[in-house]
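Letter 186 of the sequence shown, counting from 1, is numbered 193 in this note's numbering, and no numbers are missing.
In short, the hints are calculated from the structure, not lab data.
One should not assume that every hint holds.
[Said to hold, decoys possible] Distance condition first, Cα-Cα at most 30 Å in a straight line; then the derived DSBU-like pairs of lysine-lysine:
hint	residue 1	residue 2
1	K157	K69
2	K236	K195
3	K203	K157
4	K195	K154
5	K236	K206
6	K229	K192
7	K69	K128
8	K206	K192
9	K206	K154
10	K203	K229
11	K195	K206
12	K229	K199
13	K154	K63
14	K44	K63
15	K109	K65
16	K154	K236
17	K65	K44
18	K157	K195
19	K69	K109
20	K109	K128
21	K154	K128
22	K109	K154
23	K154	K229
[Said to hold, decoys possible] Pairwise CB distance ranges (calculated):
hint	residue 1	residue 2	range
24	T181	S113	53 to 61 Å
25	T167	E205	38 to 46 Å
26	T167	T71	54 to 62 Å
27	E131	T167	44 to 52 Å
28	P219	G102	50 to 58 Å
29	F133	F197	46 to 54 Å
30	E103	S183	37 to 45 Å
31	E103	N222	21 to 29 Å
32	S46	G170	48 to 56 Å
33	E62	S84	19 to 27 Å
34	L40	T104	24 to 32 Å
35	G102	T181	39 to 47 Å
36	P219	T104	15 to 23 Å
37	G148	C221	12 to 20 Å
Model, not experiment: these values are computed from the prediction.
Glycine included, C-beta positions come from ideal geometry on N, C-alpha and C.
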Amino acid sequence: MKFLLFTLILLTFSLFPAAQNPTSEKNSEIISLTLDKTSVTHWCPRFKERSCSREKSKISIKTTISPINVNPTFYYSITGGQIIGSGSEVVWEFGETTPPGKHTISVGVGVDYVMGETISKTIELFECDHCYMICECPNIGILGPSKPVKANDTIVFEATVSGGDRQYTYYTWTISGGSIIFGEKSSKVFIKIPSKPEKNAVTATVEIGSDPACNCPNSESKSVEIALKTP
């Protein structure tokens with residue numbers, strides 16, 4: 008009887024093996040890290056040279072792993088630039104602020120921030136040494152009274168600026184034939200005509216800031232007649 012019971016137990020274990028522990032599944036290992044290029048040039052967004060375009064500053068990355076477990080996570084670490092995308096295929100991009108020289112990418116794969124060995128590769132980033140700036144000069148105008156003004160009038164001149172690189176725009180006014188009340192550093196300036204004008208016109212000149220590398224014209228003037236009383 009005991010022998011028969013022992014035989015039945017052996018048959019049961021042979022027919023129904025113990026379930027494997029799901030946590031014992033082998034972690035994925037990186038087989039290869041492939042880069043479509045090993046050197047790139049800075050992207051220059053303000054320049055027109057096509058050899059320094061944004062596309063030229065990108066490297067396509069492909070990581071091959073085995074075995075492919077359920078929902079593996081790829082962890083990328085870089086010494087410069089930025090990673091665009093996620094998963095096994097991403098793009099490594101370099102902007103104009105990334106210092107030139109050698110940069111390294113390291114990748115690991117795992118689950119819940121636990122991973123095995125990492126693999127690294129190094130590329131070289133070159134500075135774009137022949138970027139030609141696109142100089143777009145601004146159009147400057149001045150709006151003001153369309154008819155002659157009188158003594159003691161308060162008038163307004165307004166600078167209009169279109170086009171160009173507005174990053175450098177600031178305003179400095181110079182007035183002849185009147186005095187500035189306020190607005191000397193803004194686009195609108197308020198002017199007081201004296202009670203006894205010494206000139207027959209008030210002239211406003213505005214100077215705006217511009218990119219010094221472009222050497223653009225940066226000032227404009229407008230004059231308005233002062234109607235003097237006849238004796």
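Exercise for the section: Starting from the hint 53 to 61 Å, judge whether the C-beta atoms of T181 and S113 obey it. Expected result: 59 Å, holds
Problem - Cβ separation of G102 and T181, checked against the hinted range 39 to 47 Å - result: With a Cβ separation near 40 Å, G102 and T181 satisfy 39 to 47 Å, so the hint holds.
Exercise for the section: Assess, step by step, whether the Cα of K109 is no farther than 30 Å from the Cα of K128, and give holds or violated. Expected result: The given pair, whose Cα atoms are some 10 Å apart, holds under the 30 Å limit.
Handout entry: Hinted pair K195 and K206, Cα distance within 30 Å
Key = Answer holds: K195 to K206 is near 22 Å, not above 30 Å.
Practice task
Take the C-alpha atoms of K229 and K199, compute the straight-line distance between them, and say whether it is at most 30 Å.
Solution key: 16 Å, holds
Practice task
Compare the distance between the alpha carbons of K109 and K65 with 30 Å, and conclude whether the hinted pair is satisfied.
Solution key: 15 Å, holds
Practice task
Hint says 15 to 23 Å; check whether the CB-CB distance for P219 and T104 agrees.
Solution key: Given a distance of about 21 Å, which is inside 15 to 23 Å, the answer is holds.
Handout entry: Given pair status - K128, K69, alpha carbons within 30 Å
Key = 12 Å, holds
Handout entry: Pairwise beta carbon distance, T167 to E205, judged against the given window 38 to 46 Å
Key = 29 Å, violated
Problem - Range hint 24 to 32 Å (beta carbons of L40 and T104) holds or violated - result: 25 Å, holds
Practice task
Please test the hint of 37 to 45 Å on the beta carbon pair from E103 and S183.
Solution key: Given range 37 to 45 Å: holds, Cβ gap about 44 Å.
Handout entry: Hinted pair K203 and K229, Cα distance within 30 Å
Key = 21 Å, holds
Violated hints for the displayed structure, listed by number in ascending order: 1, 13, 21, 22, 25, 28, 32.
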